[in-house]
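Turn these sequences into a full structure, and let the hints guide you.
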Amino acid sequence: MNIATWAKQRGLSVIETHPAVIADIEPYISKDERAQATFKFHLDELSNPQSLVLIEKATVRDSIGLVELPDGHICYEGNWYLPYLLDHPVYRRRHLPLDTKFLIHDKPYAYQLDSLRAYGIEQDRLELQPVGIDTKIEKLWFANPIGHSGLGSGSVLNSVARRLNTFFNIY
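The sequence shown begins at 4 in the numbering used here and counts up one residue at a time.
To be clear, the hints were calculated from the coordinates, so they are not data collected in a lab.
Computed from a predicted structure; not experimentally measured.
We put the CB at the ideal spot given by N, CA and C, even for glycine.
Possibly wrong hints are sitting among the right ones.
Straight-line distance between alpha carbons at most 20 Å, and here's what the computed SDA-like set of lysine to any residue pairs gives [said to hold, decoys possible]:
(1) K11 x Y79
(2) K60 x K110
(3) K104 x L57
(4) K60 x K142
Label pairs and their in silico Cβ distance ranges [as the list claims (entries may be wrong)]:
(5) Y122 x P73: 26 to 34 Å
(6) P100 x L131: 19 to 27 Å
(7) A26 x V134: 36 to 44 Å
(8) S162 x A113: 34 to 42 Å
(9) S16 x P148: 13 to 21 Å
(10) L99 x P22: 37 to 45 Å
(11) P22 x R165: 33 to 41 Å
(12) P133 x D35: 37 to 45 Å
(13) I18 x L131: 24 to 32 Å
(14) G135 x R166: 17 to 25 Å
(15) A26 x R165: 28 to 36 Å
(16) L131 x L57: 17 to 25 Å
(17) D47 x G68: 14 to 22 Å
(18) R165 x I136: 18 to 26 Å
Laid out in structure tokens, this is it:
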């Protein structure tokens, strides 16, 4: 499911936040058979731009972030791989309001909290979701992933690296 398509079909606002990463990745995989296979397998995700969608009355299932949409559909786009969803038992600030809360699992690592702080997201803006608990969300801002965990946009990764380097004074 493409969350932007789903939202547009329902007349919801969709903000494109980053173009598709396919053009960033394609030139670098020509000599690597494994990368080519991964590229072909994830071609749909790599071809979609990243979009930000406001979803009212969504439910985030359990602590891993499966999103149940108000019409009962499950958005698996953030989990990268449909079989991961089907096998599971529970099937940034640029465009967000300043009072936006961030739902994260209840046992984050220190580096995860530090990374959020680098983007101005302090502890008071975090909502912790314990394992086995569903969270009903009145208004959910959902951003689909940029690319794939193994195939991402170099420009976005460089931007994140610069932000973290500046925040942590790494040169």
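Okay, the hints, checked on the actual structure:
no.	hint	verdict
1	K11 x Y79	holds, 17 Å
2	K60 x K110	violated, 25 Å
3	K104 x L57	holds, 14 Å
4	K60 x K142	holds, 6 Å
5	Y122 x P73: 26 to 34 Å	holds, 28 Å
6	P100 x L131: 19 to 27 Å	holds, 20 Å
7	A26 x V134: 36 to 44 Å	holds, 39 Å
8	S162 x A113: 34 to 42 Å	violated, 23 Å
9	S16 x P148: 13 to 21 Å	holds, 20 Å
10	L99 x P22: 37 to 45 Å	violated, 20 Å
11	P22 x R165: 33 to 41 Å	violated, 19 Å
12	P133 x D35: 37 to 45 Å	holds, 41 Å
13	I18 x L131: 24 to 32 Å	holds, 27 Å
14	G135 x R166: 17 to 25 Å	violated, 34 Å
15	A26 x R165: 28 to 36 Å	violated, 21 Å
16	L131 x L57: 17 to 25 Å	holds, 23 Å
17	D47 x G68: 14 to 22 Å	holds, 20 Å
18	R165 x I136: 18 to 26 Å	violated, 36 Å
The structure fails to meet hints 2, 8, 10, 11, 14, 15, 18 from the earlier list, while all remaining hints are met.
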